[in-house]
Amino acid sequence: MIQPADAASQASAPGTPYIELRGITHSYGPVLALDGVDFKVHRREIVGLVGDNGAGKSTLIKILSGVLQPTRGEIFVDGRRTTFNSARVAMNCGMETIYQDMNLIDGMDIMRNIFFGREATHPLGFLKIGEMKRTAMEILEKEITIEGIRSPHQLVGNLSGGQKQAVSIARAMFFKNQVLLLDEPTSALSVRETQAFLDHITRLRDEGLSVVIVTHNLFHAYQVADRFVVLSHGKKVEDTLRDRTSAEELTRIVVGKQVGGPG
Amino acid sequence: MTVSAEVPRLAAGSWLKELQRRRSGNIVLLFVAIQVVAIVFALIFPDEFRYVSLGNVQLMLKSIPSLVIVVLGVNLLMIAGEFDLTVGATFTLTALIMAKLFNAGIPLGIAVLAALVAGAVIGFVNGWIVVMSNVPSFIITLGAMWFWRGVILILSGSVTESFYPSQFFEKLFTMNLGPIQVQFVWALAIATLCWLLLERHQYGNYLFGVGGNRKAAAALGVNTNRVKIIAFGITGLLAALSGVMSTVRINSISPIQGQGLELQAIAACVIGGTALTGGKGTILGAFLGAALMYTIQDVLLLLRAPGHYLQMFVGVIIVIAAVLNEAIKSE
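Order-wise, the sequence lines are chains A and B.
Under the working numbering, the residue at position 132 of the first sequence is numbered 132, and the numbers go up by one with no gaps.
Under the working numbering, the residue at position 190 of the second sequence is numbered 190, and the numbers go up by one with no gaps.
Hints in this document: simulated from the structure, not taken from any laboratory.
Watch out, some of these pointers could steer you wrong.
[To be verified] What the simulated footprint calls covered on chain A by chain B, stretch by stretch (three residues with Cβ under 8 Å from a Cβ of chain B suffice, anywhere in the stretch; the number is not a length):
#	stretch
1	80-90
2	116-123
[To be verified] Computed cross-link-like contacts, SDA-like style, restricted to lysine to any residue with a CA-CA straight-line distance of at most 20 Å:
#	chain 1	residue 1	chain 2	residue 2
3	A	Lys128	B	Leu196
4	B	Lys215	A	Glu184
5	A	Lys142	A	Met173
6	B	Lys62	B	Met175
7	A	Lys128	B	Leu197
8	B	Lys215	A	Gly157
9	B	Lys215	A	Leu155
10	B	Lys215	A	Glu119
11	A	Lys133	B	Tyr203
12	B	Lys62	B	Ile39
13	B	Lys17	A	His153
14	B	Lys215	A	Ser86
15	B	Lys100	B	Ala114
16	B	Lys215	B	Ala275
17	B	Lys215	A	Asn85
18	B	Lys215	A	Tyr28
19	A	Lys235	A	Ile253
20	A	Lys128	B	Tyr203
21	B	Lys62	B	Asn176
22	B	Lys62	B	Phe184
23	A	Lys142	A	Phe174
24	B	Lys100	B	Gly157
25	B	Lys100	B	Arg149
26	B	Lys100	B	Gln167
27	B	Lys215	A	Ala188
28	A	Lys235	A	Thr251
29	A	Lys128	B	His201
30	B	Lys215	A	Gly161
Each residue gets a CB set at the ideal place from its N, CA and C atoms; glycine is no exception.
In isolation and in its complexed conformation, chain A is listed as follows (with noise of 0.2 Å):
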């Protein structure tokens, strides 16, 4: 077998998608919080996904980041089936995800906060806090962009939203992360950090790797993703290029969807 027929009339890149979901339906109880969803991003690629609140953005998210698993539905990895069935399973395969209330710990220094999960130890599983103290100094050299951060021993509570940010990106990039996922990931940030963070989302994806981005924010999203996809009430509503597509449009489909909806 080639492609499925249905691949062609989906808007995407050519190749096999990084990851793919399959029919994913999870339900709170009672509650559908996704219906039969189908979702993918390839390499190199920004995926804007969007829609109201309670569309299933953040189940969507959770289910990719292995901390929610799904009701039914399959996920693939590079074409491979596979289960998420933890966040340790998930960033295996390469998934880092950005909450937007933030996957920092505010108590623990940078540092501390970069190799949270993961950190260099010796066998008995005491850390080599010199060998990440250099990585860290080096992590924040190189990839930390955002300026106020002089040492990997100051505390993530007193940083700013760019900087916490710029701090979770950071921590993906040295983990070698392909997917990065963000959700809401410009609330916390300033007009002048939130510019600077949409940059640096294009930037990564220049390099190579793959960013769904999670937002209210229509504008935002339409800066910088390749791709559209719209959920609505736990379905997704709308896939399409952003070529073929506009802001304008695109709010009217979560609006219009949301308030109408095909019965």
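Starting from the structure of chain A, add chain B where the hints point.
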């Protein structure tokens, strides 16, 4: 060329700033300040306030370890964002188990081991119920405390159990090294182990992470339930160890002993800078917090104030800490 940048700055107050920048800086300052005040008063009123007498210093160094060892466990648990109100009951129950077994003719080693295992098991059970039920640990362990207190009364028949172990074992915990009793050295050794665990081990990182931002820790692949259950186990183990050591020192265990220890331990941690909401705390802070609790108790005794004043102090400290926590959060 390196010019003045490398010149060590010895300006007055720079060491003070450096100290305050450290996570345990404030408690060190507080501890030193209170000691200085107490010593100055003791020098001014040497007869009325015998704070610096050898007898008093020795008594303090003897008394501090049993609270310190309990506090070290409670501190780790509080950093992970949980409380254990059973530590007082664990302290008494495990010591009672040891004394009963030993008095029934069971070898001392086994009796001690049984006490320590019982402590760890009580902790694990607390932890397991907390993570499985998702009910705040304050409530679960409050219930557990009453349960184990009941067990203590049944087991002891409300009478004090005496405990006279072998000379060697008694020496192990009570001999004097110069002016210091060896218990203090034990407390220092256990504090060092806890420090290694908290600051230099992966598990310590997880404790901070789970207490500081549980969702983030879970999203980064950490099994937060396991981290918490282990922390409960360590807390129970250390409470048991403290009970054993204290019983060796005073040669008996009374069923009402250890009452109020749970809140004293929480207060000591809070004084030492451990956050009630988790994710923040140091070993040095907890150690000095516990030492400070005894200093205050000692000062009250020397001033011939009734012991109940300490209770009032503990209550006030916990309420103030909780209020401050809330104030800082809403800022």
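Okay, the hints, checked on the actual structure:
Counting residues of the stretch 80-90 of chain A whose C-beta lies closer than 8 Å to any C-beta of chain B gives 3; at least three are required, and the coverage claim holds. With 5 residues having a Cβ less than 8 Å from any Cβ of chain B, the stretch 116-123 of chain A passes the three-residue criterion, so the hint holds. For the given pair, lysine 128 of chain A sits about 12 Å from leucine 196 of chain B by alpha-carbon distance, which is consistent with the 20 Å threshold. Taking the CA atoms of lysine 215 of chain B and glutamate 184 of chain A, the gap is about 16 Å. The hint holds against a cut of 20 Å.
Between lysine 142 of chain A and methionine 173 of chain A the alpha-carbon distance is near 10 Å, which keeps this suggested pair within the 20 Å criterion. About 11 Å separates the Cα atoms of lysine 62 of chain B and methionine 175 of chain B, which keeps this hinted pair within 20 Å; it holds. For the hint linking lysine 128 of chain A to leucine 197 of chain B, the alpha-carbon distance of about 13 Å falls within 20 Å, and the restraint holds. Of the pairs offered as hints, the one joining lysine 215 of chain B and glycine 157 of chain A holds, with about 16 Å between alpha carbons and a cut-off of 20 Å not exceeded.
For the hint linking lysine 215 of chain B to leucine 155 of chain A, the alpha-carbon distance of about 19 Å falls within 20 Å, and the restraint holds. A threshold of 20 Å between alpha carbons decides the hint, and for lysine 215 of chain B with glutamate 119 of chain A the separation of about 18 Å falls inside it, so the pair holds. Our distance criterion of 20 Å between C-alpha atoms is met by lysine 133 of chain A and tyrosine 203 of chain B, whose separation comes to about 18 Å. Simply put, lysine 62 of chain B and isoleucine 39 of chain B have alpha-carbon atoms about 19 Å apart, close enough for the 20 Å limit, and the pair holds.
Only pairs whose Cα atoms come within 20 Å are accepted, and lysine 17 of chain B paired with histidine 153 of chain A is accepted, the gap being roughly 17 Å. Restraint check for lysine 215 of chain B and serine 86 of chain A: satisfied, since their Cα atoms lie roughly 13 Å apart, inside the 20 Å limit. Taking the CA atoms of lysine 100 of chain B and alanine 114 of chain B, the gap is about 11 Å. The hint holds against a cut of 20 Å. For a cut-off of 20 Å, the pair hint linking lysine 215 of chain B to alanine 275 of chain B stands: about 18 Å separates their Cα positions.
Our distance criterion of 20 Å between C-alpha atoms is met by lysine 215 of chain B and asparagine 85 of chain A, whose separation comes to about 16 Å. Between lysine 215 of chain B and tyrosine 28 of chain A, the direct Cα distance comes to roughly 18 Å. Compliance with the 20 Å bound is thereby established for this hinted pair. Distance restraint check for lysine 235 of chain A and isoleucine 253 of chain A: the Cα-Cα separation of roughly 13 Å lies within the 20 Å cut-off, and the hinted pair is therefore satisfied. The suggested pairing of lysine 128 of chain A with tyrosine 203 of chain B holds, with an alpha-carbon distance near 13 Å, which does not exceed 20 Å.
For the suggested pair lysine 62 of chain B and asparagine 176 of chain B, the alpha carbons sit about 10 Å apart, so the restraint of at most 20 Å is met. Between the alpha carbons of lysine 62 of chain B and phenylalanine 184 of chain B the distance comes to roughly 7 Å, so the proposed pair stays at or under 20 Å and holds. For the suggested pair lysine 142 of chain A and phenylalanine 174 of chain A, the alpha carbons sit about 10 Å apart, so the restraint of at most 20 Å is met. This hinted pair checks out: lysine 100 of chain B and glycine 157 of chain B have alpha carbons roughly 12 Å apart, not beyond 20 Å.
Between lysine 100 of chain B and arginine 149 of chain B, the direct Cα distance comes to roughly 16 Å. Compliance with the 20 Å bound is thereby established for this hinted pair. In summary, the hint linking lysine 100 of chain B to glutamine 167 of chain B is supported, as the alpha carbons are separated by about 18 Å, within the 20 Å threshold. Among the hinted pairs, lysine 215 of chain B with alanine 188 of chain A is consistent with the structure: their alpha-carbon atoms are about 18 Å apart, no more than 20 Å. Taking the CA atoms of lysine 235 of chain A and threonine 251 of chain A, the gap is near 17 Å; set against the 20 Å cutoff, the hint holds.
Among the hinted pairs, lysine 128 of chain A with histidine 201 of chain B is consistent with the structure: their alpha-carbon atoms are about 9 Å apart, no more than 20 Å. As the CA atoms of lysine 215 of chain B and glycine 161 of chain A are separated by approximately 18 Å, the hinted pair is consistent with the 20 Å bound.
Violated hints are absent here; each numbered hint is respected by the structure.
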